[in-house]
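Novice: Okay, here's what each chain looks like letter by letter:
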Amino acid sequence: MIKYISKRIIHIIPVLIGVSFISFSLLYVFPGDTAELIVMINTGTEPSPEMVEKFRAESGLDKPLHIQYINWLSKAIRGDFGTSWSSGEPVMNEIMETLPASAKLFFSTFAISVGFAFLLGILSTLYKDKIIDHACRIWSLLGISIPNFWLGLVLIWIFAVHFHLLPAFGYGSMEHLILPVLTWSMSFMAIKTRFIRTTLLEIMNEDYITTAKAKGLSEKAVVLKHVLRNAMIPIITYLALGMSHLIIGSVIVETVFAWPGLGSFLVKSVFTRDFPVVQALIFLSAVLIIGVNLVVDILYALIDPRIRYSD
Amino acid sequence: MKKLMIIFSTVLLIAGCVMMTGCVGESPTSNAPADTQAQTNTNEISTATTTEPQYKDKFIMGYGKDPKLKGGKWGIGFFPKTQVLEKLVEYDMKNDEYVPSLAESWEFKDGGKTIVFHLKKGIKFSDGTEFDANAVKFTIDRLIVRNHGLAPEGADVIDKYTVAIHFEKPGFFNLAKMAEFHFGMMAPTSVSPVGDPNGTLITPIGTGPFKVVDYKKDQYSTYEPNMYWYNERGIKPKFKEFVLKVIPDEDTRIMALRSGEVDGITDFVHGGSEYTPRNQLNVLEKEGFKVYKRDIPITRVIAFSYNKEPFNDPELRKAVSLAINRDDIAKVFDNQVRPAWNGMFAPEAPGMAKAGIKYEYNPEKAREILKNKGKEGLKVNIIVDKGQGDQILVAQLLQQQLKNAGFDPQLEILESGAYKEKRNSGNYDMRLYYIGGTDRRFYLRMFWRFYPDSKWKAYESEKVYELYKNILENPKDIDKNNREKDLIAFYKALYDETGVVPLYHDVMTVVTSPKVDAKQDELFEQAEPQFYCVGVRK
Numbered sequence: 301m302i303k304y305i306s307k308r309i310i311h312i313i314p315v316l317i318g319v320s321f322i323s324f325s326l327l328y329v330f331p332g333d334t335a336e337l338i339v340m341i342n343t344g345t346e347p348s349p350e351m352v353e354k355f356r357a358e359s360g361l362d363k364p365l366h367i368q369y370i371n372w373l374s375k376a377i378r379g380d381f382g383t384s385w386s387s388g389e390p391v392m393n394e395i396m397e398t399l400p401a402s403a404k405l406f407f408s409t410f411a412i413s414v415g416f417a418f419l420l421g422i423l424s425t426l427y428k429d430k431i432i433d434h435a436c437r438i439w440s441l442l443g444i445s446i447p448n449f450w451l452g453l454v455l456i457w458i459f460a461v462h463f464h465l466l467p468a469f470g471y472g473s474m475e476h477l478i479l480p481v482l483t484w485s486m487s488f489m490a491i492k493t494r495f496i497r498t499t500l501l502e503i504m505n506e507d508y509i510t511t512a513k514a515k516g517l518s519e520k521a522v523v524l525k526h527v528l529r530n531a532m533i534p535i536i537t538y539l540a541l542g543m544s545h546l547i548i549g550s551v552i553v554e555t556v557f558a559w560p561g562l563g564s565f566l567v568k569s570v571f572t573r574d575f576p577v578v579q580a581l582i583f584l585s586a587v588l589i590i591g592v593n594l595v596v597d598i599l600y601a602l603i604d605p606r607i608r609y610s611d
Numbered sequence: 091m092k093k094l095m096i097i098f099s100t101v102l103l104i105a106g107c108v109m110m111t112g113c114v115g116e117s118p119t120s121n122a123p124a125d126t127q128a129q130t131n132t133n134e135i136s137t138a139t140t141t142e143p144q145y146k147d148k149f150i151m152g153y154g155k156d157p158k159l160k161g162g163k164w165g166i167g168f169f170p171k172t173q174v175l176e177k178l179v180e181y182d183m184k185n186d187e188y189v190p191s192l193a194e195s196w197e198f199k200d201g202g203k204t205i206v207f208h209l210k211k212g213i214k215f216s217d218g219t220e221f222d223a224n225a226v227k228f229t230i231d232r233l234i235v236r237n238h239g240l241a242p243e244g245a246d247v248i249d250k251y252t253v254a255i256h257f258e259k260p261g262f263f264n265l266a267k268m269a270e271f272h273f274g275m276m277a278p279t280s281v282s283p284v285g286d287p288n289g290t291l292i293t294p295i296g297t298g299p300f301k302v303v304d305y306k307k308d309q310y311s312t313y314e315p316n317m318y319w320y321n322e323r324g325i326k327p328k329f330k331e332f333v334l335k336v337i338p339d340e341d342t343r344i345m346a347l348r349s350g351e352v353d354g355i356t357d358f359v360h361g362g363s364e365y366t367p368r369n370q371l372n373v374l375e376k377e378g379f380k381v382y383k384r385d386i387p388i389t390r391v392i393a394f395s396y397n398k399e400p401f402n403d404p405e406l407r408k409a410v411s412l413a414i415n416r417d418d419i420a421k422v423f424d425n426q427v428r429p430a431w432n433g434m435f436a437p438e439a440p441g442m443a444k445a446g447i448k449y450e451y452n453p454e455k456a457r458e459i460l461k462n463k464g465k466e467g468l469k470v471n472i473i474v475d476k477g478q479g480d481q482i483l484v485a486q487l488l489q490q491q492l493k494n495a496g497f498d499p500q501l502e503i504l505e506s507g508a509y510k511e512k513r514n515s516g517n518y519d520m521r522l523y524y525i526g527g528t529d530r531r532f533y534l535r536m537f538w539r540f541y542p543d544s545k546w547k548a549y550e551s552e553k554v555y556e557l558y559k560n561i562l563e564n565p566k567d568i569d570k571n572n573r574e575k576d577l578i579a580f581y582k583a584l585y586d587e588t589g590v591v592p593l594y595h596d597v598m599t600v601v602t603s604p605k606v607d608a609k610q611d612e613l614f615e616q617a618e619p620q621f622y623c624v625g626v627r628k
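The listed protein sequences derive, respectively, from chains C and Z. The working numbering puts the first residue of the first sequence at 301, with every later residue one more than the last. The working numbering puts the first residue of the second sequence at 91, with every later residue one more than the last.
If you're looking for bench data, these hints aren't it; they were derived computationally from the structure. Hints are not guaranteed to be accurate.
[Said to hold, decoys possible] Taking lysine-lysine and the DSS-like style, the derived pairs with C-alpha atoms no more than 30 Å apart in a straight line are:
#, chain 1, residue 1, chain 2, residue 2
1, Z, K559, C, K354
2, C, K568, Z, K155
3, Z, K326, Z, K306
4, Z, K609, C, K568
5, Z, K307, C, K568
6, Z, K160, C, K375
7, Z, K160, C, K354
8, C, K568, Z, K306
9, C, K354, Z, K259
10, Z, K408, Z, K326
11, Z, K512, C, K363
12, C, K375, Z, K476
13, C, K354, Z, K421
14, Z, K203, C, K354
15, C, K568, Z, K160
16, C, K568, Z, K184
17, Z, K227, C, K568
18, C, K404, Z, K444
19, Z, K582, C, K404
20, C, K375, Z, K512
21, Z, K408, C, K354
22, C, K354, Z, K582
23, Z, K582, Z, K421
24, Z, K512, C, K354
25, C, K404, Z, K160
26, Z, K476, Z, K184
27, Z, K306, C, K404
28, C, K354, Z, K227
29, Z, K160, Z, K203
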């Protein structure tokens, strides 16, 4: 098992280096003179050429790309992503300030959407082609089709404007969390429900399931004890991919509800060409996905011993 | 099956209960940072009589942008620049004059290369420190060390209430700069170390009506009345706390107003973005909300890539102008904006009325021009900044109007950076742009839009440049009458050459709940709304 985990960790290193270089260099293909645009956006005035050149020199934008990358990487591995070009504050400070709001929104949404996705997926499988199955499928289709921004505004109109039950926007108490979570979990849940249902149904056709049924086990026991366990590997993989939303967040939900999360912070940073922030968020997002995948690989080995022995 | 249904129903019931428990408790209207509203304190202006209205202690305003109270590299946001800080002078557009604000008088020396300001005495910053020449020098030096594009050459303290500010070039424009947003006078105690122009901003301290109390980035900022400012004017504030809540989405801002969570919503005080959708204003007014509106001299225009074909030909530019029905464009905004029939600048701009300019809508004439030039079906591209949603609607309407006049227009909706690259490289035929801003930016925009070396210029020609230079840099144009003559000639030159095609003049709005008391002339004594006068009746 230790050998298995060590192997996985070693495989991560070249991936991290590749990801760091891509996230670092990606924004340099964006159109526009970066220095000039940043100065103009953040001062609200058209800057003088001297101002632009001074900024270019101060921020190291005048150095060759590979030198900029090495300087950046040597600090990044120590958690130092420099200072934000918009605010002048250390990037990690800005991220850590925003992270709690993102985490609150993401984990609440994740918990609710995954819980309901499992429930609806299993019900849909158990009652395939019955009314419950059709209802679950229509529900998940609606969840995928309805745009988040529209749903968010409708929920605000119903619960805040019409009934004055919940706040329309903002961050702080439990009350503020309800509508953003409801909005975001609709699409989250819908996609996961469909995936779980599809995966369970595929496994239902396997020979060992036929055997289990032939042995006299009830439909419920077959699904919950045999089908579900075998479906966990693809399901866990799929759910793990969703972890990237912790960093990227849901820009639309955050904008509609004025939720101060990392998603809108990332988008704002892209528009203002705040490179240190964008690089840090993309890099951290990639690190998180890689880390989660490592955990998933370890979980595979726990769930399915065949994997650890064959590796 | 029955068991499963019971379990499912129970789960739904529990989930419903959990949701409802979140709804119990404080009403959504108590959505302020401390989540309490001091309902019981008697308002300062309440008296024993029943005639004076009673006001709530807290006023909550919804706003589209973070006020950037920590400043950072680029300074604080426009909201504190207009509510917390004051400038040495203010601009009276109606009379084309600069009027005293923190300075009571001034003299031009050396053709305007130096302006000596005599400061008002007895003015205090909100922290009780005195506003004097040292504070002016500190503010100017801070702009210089930050290499601000408008920074003067330097400032010298002559005595406690006299300061000389030096500029690179002569002319009237130097005075215009002093009314700019970025020239709000800040107390040396705003930074650490105190008085160090390179110091770290702790909190902006100004002489304006608001004093910063609390700030949470991208969420809210809280202000208290600066009683030095109020006492100076002999008026009393109608609130004890003013909370500015950041709500980036325009529809959510309106919903927040409708739900009662905010008492008012305002456009971005700089103008031009993050504003209440114009086509919602009539609807809100009908619902009983109060809509305060003020015309501002921002003109949205079509700018051309005039150094290359086809629009290096002024006749073809004129054809574009003839093809545009500006009334239809105003309808996109529910007629809340003013169609620009009478000139490139807003009608209230100095000299504009006397210039006697009138644009014409005549698509047949436009067709005629294209036919005579052998350019029927001329393919042209229009670039639009994707970040400006309203401009996309305008561009789509323009596309139709130009088609009707015989052009073949193609729209390119671009991300902001891509738009600016194309703009700077001249790799387009037409683009949507704007000239002007709130009143104080009238001359400044002229500088940015018509200065030949400016990358952000809208148009240049020898004649326009000479006139512009006269207005801004010739010492003789410090005299208002000379300046007006040159302004009129400038407007006419732009019109004759069809340097740009004006479309409409924008407005600034504030929308409040019916319970809010505010007077139009107090709220808009300047182009940017001044919130010192607002109050929510209990």
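Novice: Each hint needs a verdict: does it hold in this structure or not?
Specialist: Structure-based check of all given hints:
no., hint, verdict
1, Z:K559 - C:K354, "holds (28 Å)"
2, C:K568 - Z:K155, "holds (11 Å)"
3, Z:K326 - Z:K306, "holds (27 Å)"
4, Z:K609 - C:K568, "violated (36 Å)"
5, Z:K307 - C:K568, "holds (13 Å)"
6, Z:K160 - C:K375, "holds (25 Å)"
7, Z:K160 - C:K354, "holds (22 Å)"
8, C:K568 - Z:K306, "holds (17 Å)"
9, C:K354 - Z:K259, "holds (22 Å)"
10, Z:K408 - Z:K326, "violated (54 Å)"
11, Z:K512 - C:K363, "holds (25 Å)"
12, C:K375 - Z:K476, "violated (35 Å)"
13, C:K354 - Z:K421, "violated (45 Å)"
14, Z:K203 - C:K354, "holds (25 Å)"
15, C:K568 - Z:K160, "holds (17 Å)"
16, C:K568 - Z:K184, "violated (38 Å)"
17, Z:K227 - C:K568, "violated (34 Å)"
18, C:K404 - Z:K444, "violated (61 Å)"
19, Z:K582 - C:K404, "violated (60 Å)"
20, C:K375 - Z:K512, "violated (35 Å)"
21, Z:K408 - C:K354, "violated (41 Å)"
22, C:K354 - Z:K582, "violated (39 Å)"
23, Z:K582 - Z:K421, "holds (27 Å)"
24, Z:K512 - C:K354, "holds (24 Å)"
25, C:K404 - Z:K160, "holds (25 Å)"
26, Z:K476 - Z:K184, "violated (34 Å)"
27, Z:K306 - C:K404, "holds (18 Å)"
28, C:K354 - Z:K227, "holds (23 Å)"
29, Z:K160 - Z:K203, "violated (33 Å)"
In summary, the structure is inconsistent with hints 4, 10, 12, 13, 16, 17, 18, 19, 20, 21, 22, 26, 29 from the numbered list given earlier, while agreeing with the others.
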